[in-house]
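Participant: In the order they appear, the protein sequences are chains A and B. Read in order, the letters of the first sequence are residues 1 to 270 in our numbering. Read in order, the letters of the second sequence are residues 1 to 270 in our numbering.
Worth flagging that the hints you see were computed from the coordinates, not collected in a lab. Note that the coordinates shown come from a computational prediction; the quantities given were computed from them, not determined experimentally. Heads up, a few of these hints could be off.
[Unchecked claim] Covered by chain B, according to a simulated footprint, are these stretches of chain A (three or more residues, beta-carbon under 8 Å): (1) 136–149; (2) 233–247.
[Claimed, not checked] The calculated lysine-lysine pairs, modelled on PhoX-like cross-linking and capped at a C-alpha distance of 25 Å, are: (3) B/K117 / B/K79; (4) A/K258 / B/K43; (5) B/K258 / B/K196; (6) A/K117 / A/K191; (7) B/K258 / B/K191; (8) A/K139 / A/K191; (9) B/K117 / A/K43; (10) B/K139 / B/K196; (11) A/K79 / A/K139; (12) B/K139 / B/K79; (13) A/K258 / B/K117; (14) A/K117 / B/K43.
[As the list claims (entries may be wrong)] Covered stretches of chain B, as calculated for chain A (at least 3 residues, CB under 8 Å): (15) 84–95; (16) 252–265.
Glycine residues also receive a C-beta, built at the ideal position from the N, C-alpha and C atoms.
Given next are the chains, with one letter for each unit.
Protein chains: 2
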Amino acid sequence: MHTVFYVSDGTAITAEVFGHAVLSQFPLAFEQITIPFVETLEKARQVRMRIDEQFRQTGVRPILFHTIVDHQVREEVLKAQASSHDFLNTFVSPLEHELGVKAEPRLHRTHGMENRKLYDDRIEAVNFALANDDGITTKEYDEADIILIGVSRCGKTPTSLYLALQFGIRAANYPFIEQDMGVLDLPAALKANRHKLFGLTIAPQRLHEIRNQRRANSRYSSLEQCEQELACVERLFRQEAIRFLDTSSHSVEEISAKILEATGLRRQLY
Amino acid sequence: MHTVFYVSDGTAITAEVFGHAVLSQFPLAFEQITIPFVETLEKARQVRMRIDEQFRQTGVRPILFHTIVDHQVREEVLKAQASSHDFLNTFVSPLEHELGVKAEPRLHRTHGMENRKLYDDRIEAVNFALANDDGITTKEYDEADIILIGVSRCGKTPTSLYLALQFGIRAANYPFIEQDMGVLDLPAALKANRHKLFGLTIAPQRLHEIRNQRRANSRYSSLEQCEQELACVERLFRQEAIRFLDTSSHSVEEISAKILEATGLRRQLY
């Protein structure tokens with residue numbers, strides 16, 4: 001098995017996310033090792049030795065994905081016997097040419113605190129998602145960018161948090177519980193913000209499995225109950241012309257990206 | 001101003017995160033437009049026209065960062081008049097050579113649901129973080145991977161959620177409130193899980209600002225109160241030999257990466 005090293009003088013999150021995308025194109029398993037905050041020559045030397053040691057132990061030349069801004073640190077790491085791929089500089093040179101501007105490498109610009117205001121907005125979005133999770137309150141809906149609605153355990157909470165953390169979007173969520181079902185009407189707080197509503201639904205079998213992990217063999221988790229609730233809520237979505245999405249086979253990243261695409265909400269990049 | 005397009009047949013999150021890292025090396029502002037889920041030739045044509053239209057309107061050739069698995073769709077998008085950079089294939093070819101294996105491009109492998117078990121673990125970690133936020137309960141600490149401790153508003157909650165969403169780590173957090181301060185001792189539930197404790201602290205002035213946004217001109221937010229609480233908690237961290245980190249100038253990504261580095265907790269990659 002090949003070993004993949006993600007090495008960075010920052011968090012290494014960019015290298016990981018991107019390297020993972022590249023590797024996912026291959027039908028292989030990899031041993032993956034992340035080494036962040038390699039900011040000194042001494043640390044760079046240790047990394048080099050660790051990579052070489054891995055080569056000795058496994059007999060397979062490791063793969064090295066790196067995003068290292070400092071030139072000297074990078075050169076030291078690159079002495080390692082590895083198949084090295086420079087995620088940053090591969091694209092920086094052609095862009096310098098296109099933009100007619102020299103890059104000004106600086107540490108920690110990617111996941112740092114360069115723009116305090118933007119960062120604070122994002123953390124405020126997380127606080128908003130928590131304060132408005134699961135219908136705790138409906139009083140702040142005027143400040144919401146979006147309000148996710150659906151039955152219990154269809155994916156509202158993780159999606160709200162992801163929208164906040166990744167994109168700085170203020171997402172509230174409201175659960176339809178059994179009592180709401182009979183009425184088949186929108187609560188007043190939702191009606192007043194109808195343009196912000198976005199429905200989530202899920203396959204009954206999948207919901208049944210998820211709820212069973214929470215409360216096994218309960219009425220709440222029974223397939224019949226799941227089917228009833230979902231049929232009822234989907235009817236409501238259609239009746240009220242609320243856009244909705246089936247989350248059954250989608251990750252929280254995919255659900256979030258699809259919501260942004262459907263609503264035109266602007267992603268804030270950090 | 002240059003316009004940057006992130007185009008993908010998936011969520012485009014990889015393209016965004018990575019492109020943002022590359023662009024952050026330049027001292028320029030960019031207009032950034034993300035177009036996810038470009039899966040058909042028809043959509044590809046629309047994207048091409050949109051990019052060309054942007055060129056016409058601005059007179060500046062746009063930059064195109066793309067991660068498109070399907071060959072035909074990619075070729076269609078690449079007809080756009082843009083400075084194009086292929087984030088995936090730039091590294092796939094040399095890796096094919098190194099690995100001695102042909103890539104098997106498939107859609108949605110990066111942020112999809114390829115591995116349901118891993119995905120469910122991650123969502124469970126989010127549920128765990130929520131159920132164990134802010135000391136709501138201390139009964140599940142045996143199942144925690146880490147327990148973040150510190151005063152109110154020092155960054156515990158966003159960090160717990162980020163650790164869960166990004167890395168699938170089960171992070172609880174416990175706030176020291178004023179009543180705890182006098183005692184200067186660890187609550188029993190924390191003592192029993194001492195090896196999982198990780199402290200967060202923050203500069204008094206920064207805490208003062210953050211709390212003021214929440215409750216302006218209160219005792220809670222006063223600089224004096226912030227100074228007292230922080231001095232008290234840091235004394236406790238030292239007395240009990242608990243590792244801790246100053247979050248003042250760090251983003252939630254940096255705090256999380258530093259915690260993983262310090263504790264050796266294994267990152268689960270998705």
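Participant: For every hint, state whether the structure bears it out.
Facilitator: The hints, checked one at a time:
Counting residues of the stretch 136–149 of chain A whose CB lies closer than 8 Å to any CB of chain B gives 0, which falls below the minimum of 3, so the coverage claim is violated. Coverage of the stretch 233–247 of chain A by chain B is violated. Counting CB-CB distances below 8 Å, 0 residues qualify, and the rule asks for three or more. Distance restraint check for B/K117 and B/K79: the Cα-Cα separation of roughly 40 Å exceeds the 25 Å cut-off, and the hinted pair is therefore not satisfied. In summary, the hint linking A/K258 to B/K43 is supported, as the alpha carbons are separated by about 15 Å, within the 25 Å threshold.
With a C-alpha separation of about 15 Å, the suggested pairing of B/K258 with B/K196 holds against the 25 Å cut-off. In summary, the hint linking A/K117 to A/K191 is not supported, as the alpha carbons are separated by about 32 Å, beyond the 25 Å threshold. Pair hint B/K258 plus B/K191 holds up; C-alpha atoms about 23 Å apart against a cutoff of 25 Å. Between the alpha carbons of A/K139 and A/K191 the distance comes to roughly 13 Å, so the proposed pair stays at or under 25 Å and holds.
For the hint pairing B/K117 with A/K43, the CA-to-CA distance comes to about 35 Å; that exceeds 25 Å, so the pair is violated. Straight-line distance between C-alpha atoms of B/K139 and B/K196 comes to about 14 Å, which keeps the hinted pair within the 25 Å bound. About 59 Å separates the Cα atoms of A/K79 and A/K139, which puts this hinted pair outside 25 Å; it is violated. Pair hint B/K139 plus B/K79 does not hold up; C-alpha atoms about 59 Å apart against a cutoff of 25 Å.
As the CA atoms of A/K258 and B/K117 are separated by approximately 23 Å, the hinted pair is consistent with the 25 Å bound. Simply put, A/K117 and B/K43 have alpha-carbon atoms about 35 Å apart, too far for the 25 Å limit, and the pair is violated. Given a C-beta distance limit of less than 8 Å, the hint that chain A covers the stretch 84–95 of chain B holds, as 8 residues qualify and 3 suffice. Coverage of the stretch 252–265 of chain B by chain A holds [criterion: at least 3 residues with CB-CB distance below 8 Å; count 8].
In summary, the numbered hints that this structure violates are 1, 2, 3, 6, 9, 11, 12, 14.
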